[in-house]
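K.L.:
Chains as they are written, first to last, in the numbering used here: chain A, 1 to 251; chain B, 252 to 750.
To be clear, the hints were calculated from the coordinates, so they are not data collected in a lab. Heads up, a few of these hints could be off.
Across the chosen pairs, the derived CB separations fall in these ranges [as the list claims (entries may be wrong)]:
hint	chain 1	residue 1	chain 2	residue 2	range
1	B	T552	A	F15	23 to 31 angstroms
2	B	F383	A	P190	28 to 36 angstroms
3	B	A508	A	S161	15 to 23 angstroms
4	B	Q337	A	D157	36 to 44 angstroms
5	B	Y384	A	F5	20 to 28 angstroms
6	A	V147	B	H316	40 to 48 angstroms
Pairs of lysine to any residue residues, derived as SDA-like cross-links and limited to a Cα-Cα distance of at most 20 angstroms, are as follows [what the hints assert, rightly or not]:
hint	chain 1	residue 1	chain 2	residue 2
7	A	K13	B	E565
8	B	K562	A	R153
9	B	K574	A	Q11
10	B	K440	B	G543
11	B	K441	A	Q11
12	B	K574	A	H10
Don't be surprised by glycine CBs; every beta carbon is placed ideally from N, CA and C.
Residue strings, one per chain:
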Amino acid sequence: MFDNFKIMWHQGKQFIPNVTTAKVPGIFRGRPIITRAKIDEAILVGLCPVKAISSNPVCIDLGKCTFCGECAIQFPDKISFTTDYKLSSNERDRLIIKEGDEAPIIVNPDTIRKEIHRLFGGSLKLRQVSAGGDNSCEWELNSSNNVQFDVSRFGVDFVASPRHADGIVITGPITENMAESVERCYNAVPNPKVIILVGTDAISGGIFADSPALNRDFLSKHTVDLYVPGNPAHPLTFINGVLSLLQKTKI
Amino acid sequence: MQHISINNNQSIALSEIPELIYSEFMKGNLELLSGKPERHCVNYFGYKTSGSIKLICCIADDVVHQIFVSSAIVDAVSILPSFTAQNHNFEKFEREIHENFGIPYSDHPWLKPLRYAHDRFDKSQVIGKYPFYKVESEELHEVGVGPIHAGIIEPGHFRFICNGEQIMHLEIQFGYQHRGIENLFLQKKKLLERTTLAENIAGDTAVGHSTAFVNLWESLCGYTPDPSLDFARTVALELERMANHTGDLSGVCADIAYQLGNSVYGRLRTPIINFLQEWGGNRLGKGLIRAGKINFPFTQTLADRLTEVFKAYEPDFNEITEKLFKLPSALSRMEKTGVVTYDEVLEIGTVGMAARMSGLNRDIRASHPSNLYGSILHKPVIKHHGDVYSRVQIRKEEIRQSIGYLKQLIANIPEFKKSEEFTATPLSDRFVISLVEGWRGEICHCAITDHSGNLVIYKIKDPSYHNWMALAQAVRNNDISDFPICNKSFSLSYSGQDL
Ligand code: SF4
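If we strip away everything but chain B, and leave its shape as in the complex, we get (with noise of 0.2 angstroms):
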């Protein structure tokens, strides 16, 4: 098929993406995807123009290291067969193309709303109205969770159909943190209002999305960043990591009821963040990522105090990580609970911890990477039983990864040259497209400008839109009462779901 094969964070014109029609289209990224564990769909989506809707679809190859972008033109009439009847991965995808344009899709299996977007195509479509999946039997009751639950955490919907305390089928609701984040990147023009959009996607992954949106817009500007801003991004996502896989395990050991594990790793977390907070004035690193600059160099004496931070965080980690991971009543909670097999995670498509827990090896920063994870030579940590312990194992080994490369980047500290305002304005006609590993897994950030230079559409998708329908597929003939690790072991985003 004809595509453009680009590189993570190229630039390219949008003219040189190949125009097909719709049915070339489809056959083609499909047969892209046929047989070929290695490649997946990071984005697909749609946009106007000029009366009829642009379909973009991009491909990683993570053997190659290439991205394969093609599109069609179609109108929102016309009932067009789906991907997805062949191929899963694009469930959602299509899912969000028809709520926005209405596009009619002939085989669909699973058309519903997906987000309630504010400028959803049919606006008779309400949240209050989902239409859940019904299995009419006496024997199975439906048990209903949400939007608020019952800790502190995003809203959402999940709806479990139960056979007396297993799950047999759970369905998950979104659209409850919808606050039309891509519309804003429209309607705001200045950098700095874009970049706190790209901040507040996700509060937990402000450094991640952060690094995405100034990746592209930096090669959307044709501009090549400093050294030091591209280690101070990496070095910043690794601390992202390191952050909120280690809340990660306190919140498992609460699910267990391991008292002591979540409150270790809990105190844990803090010197992380406060570390952050030390250099950018902000424990969850918002504030520190700006394209072309950065307001706070990191000095000689941050990476002593990080040095000192990680003396003191390794001892007590490695301490309490070897009492769980040898506590029988710890491991028979987490071993084979929720698992996913290889087989399904690829019919999914997950990203990030979502894959590598199967066996599928997936990470941006080994296959496609960006900023300072090229001269790291990263090697992902693949675990293959797919249940919750692989979840939590995958956790403790990056944490160790991240320490070490944290250890090696500040040991070599660039330069960091005076602030300067970043003034390069956005070419026109462009298309550029931005993947990071956050600590979820890849995020992915689109951009298309006009001829006057201005962006016509941003795209963002979280780590977390693929792979919520693995936490779905995790729970299935499990107790019920395994819901609350189970979901917490994957640990996704709603906001970075609805935007």
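One chain only, chain A, in its complex shape (with noise of 0.2 angstroms):
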């Protein structure tokens, strides 16, 4: 008994006050600025394994971006990387930065659905579904609720069934062998409810993008509620998404 207290009282205060401006700690691959500096483009565009750079502007997608940071170290006047983990956007297209862009990434408070604040705003729980994720960001999403991230202070938490949830979290690129348990899952959350799509595996397919042993055709037929990038997408960046969908005003 007393030595659980000892333990206890040993681990100090593990949790982060406030995961809205919380650091993290070293050279996090985060929101990645552009300059307007000249290189040749074609070797930028090249040199990324998963085709998430544009040209003319050059544009970095943060859908598709494997955070492998490659494209910094080899045209550091060009691109470097924040350690601003704010990276999750309800608007697909706010995810891909532009030359010059150094305004953070947002959840667009006027797309978001409206019922979401209103009837999720105080308690959210979720279904996560791994469709061919690599265990990573399923990781990070089991490390948003250990004791430091802590999400469930929110009332965001996941849950073991889907008719207990009100949206589903996706992994993975869907592979072809998940697709149907994807469909069937969704299907088993009782409406309204939302989907989220952490990774960028998920948000785009990432490295597996141009593989014929997936199925996305799930997200054709759906609305995506919120994309959360990364590779895996660190706890804090899928928290701060998820509360800024549910337009959480007091953290």
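Both chains come to you apart, so use the hints to assemble them.
P.N.:
As structure tokens, this is what we get:
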């Protein structure tokens, strides 16, 4: 009994007091900044393993980017990654960062479905479905609810059954072999419901985008409410994205 | 039997692999294994070559530290006797060969689909129609779990046959995670694309699989890496091991409803993966391991940081571990639960922790060392009971061992050269096998090039490929309520199995 208290005491305060302002340690690759420096754009575009970079003007699509950092290593004057982990948006286009863009990426309050805040603002129960996910985003979603990130303090929880859920969180590029299960899980969630895509694999297929073993039809049939970039997505990217989606004003 | 004997990461001309007639090939490989627990099949696969199928079998010998490679050419229509009928080590390998090429085996006891690969031979096999083993009895019932599980984990389908609360039989069906990675390795020609693929085989083993890939790739290109690269890979592998073991201890505590252990181990994983981020910008070590270079040299500042991390980690780890291993309610859940015996693991051919838990000494770090493991002189942690407790003990001791190795490594940081683009290209008509002891166990990558140096096959084997069968064996005669803790104590990969 006393040992338990001792152990608890020794942990100190682990939780991150403010998840919207916390700093991540070290050289996290978050929102990139692209300068107007002149470089050989063809080489830059060609080096990216997932065709996330386009030219004229140079843009990086964070829905495709695996955050490998190679572009910034090869062209340090052109591209740098900041530690800003707020990468989520409800609009796919906002994940595309253009030359000169320095503004934060936001969840656009004007285009969030109106009922989301009203119905789920106080409590959002999510069913996670891994559909070809490599267990990195899955680990980070689990971490979102460890004692440090503690997302459940905001009323956001992962539940075991889709019937108890308000929406689904998809990780992975959606394999052909999982396509039916994803659809069935989504159908089992009562209306109204949200769809959140976590990680580059889910958003664009990532490095698997042109594999014939995928079936991403689900995404053309349904509206996605939130895109959470990363490979894997950082817990703070996920948590901040969800909080913005729910339009939580009190953190 | 005729075979060529090679070292881990040694590149040889494809023509040096003896080509035998199937009957000799089979007899020879079975003989190599018979009565030799120090040997096991690390890879056995086929690929199409001018209208026929070439089978390549690789048997590792842990005592002489060599891998015996032989081959045979077969067609896809003749009925062949299976290796598996005589040695169950080959069960998965032959299922895969059958699934990919349709080779009919006359006596394979369990010739079911393995992963419903996109390019499978028989497209009429679909994932919703897996032929589960059935027992007709009024007393027994079936429990189906998955593909989507209760927690945030990868998909797979478990079918239990139970007598009341007791599990009689478990069959695990895979394939849901299949992304066609091996084919993408051939399709995508850029090195960075392939490295990214390797990092995404199993995201919890990004370092393990990318290290297997770059070791292989450098050898295939006839390139000798700088010692600083071997240093970085070894450090990253041990950090990945520590992080995953710590996370698994947290998971095991969750499954026995020991909340304090769950929280403490869970939060102790954070500083380790955050250190990986401080070093390479990614908590799971993606972006860190590259062929012929490293974008993030390991510096003295990082070494000092890691020393600080250990200073904070160790007392808290020791305190909770001492508590957990003395807690009667925890011990009673772990001891004698989910037992797999030495004879069983030998028959299945398990690797890594799932071998060492039952007294079978299999650890690539000691038996076929690559990178800096040759100089570490690693002593594998071996347990004998094959139960949840043994698997948990291995993690506890390996974490301490990894800390020891890491401290020793960072006391002597080599000089990192300025990173340069890797421009070497693969040699033509070569074969390379690369073995790495990831945190779960042995990772094996094989590659073959054609006469112009293009990849003709890239073969990946995650340790889970062997070890899932051990989980199915472990839960027999256990209560179904003990399934989660058995499963967590193995902590196997679905994506690594399905590719
Ligand atoms: S960091 Fe992103 S954009 Fe840059 S090369 Fe890597 S994947 Fe491409």
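K.L.:
Determine for every hint whether it applies to the structure shown.
P.N.:
Status of each hint after checking the structure:
no. : hint                                   : in the structure
1   : B/T552 with A/F15: 23 to 31 angstroms  : 28 angstroms, holds
2   : B/F383 with A/P190: 28 to 36 angstroms : 31 angstroms, holds
3   : B/A508 with A/S161: 15 to 23 angstroms : 20 angstroms, holds
4   : B/Q337 with A/D157: 36 to 44 angstroms : 51 angstroms, violated
5   : B/Y384 with A/F5: 20 to 28 angstroms   : 50 angstroms, violated
6   : A/V147 with B/H316: 40 to 48 angstroms : 44 angstroms, holds
7   : A/K13 with B/E565                      : 18 angstroms, holds
8   : B/K562 with A/R153                     : 30 angstroms, violated
9   : B/K574 with A/Q11                      : 14 angstroms, holds
10  : B/K440 with B/G543                     : 17 angstroms, holds
11  : B/K441 with A/Q11                      : 46 angstroms, violated
12  : B/K574 with A/H10                      : 13 angstroms, holds
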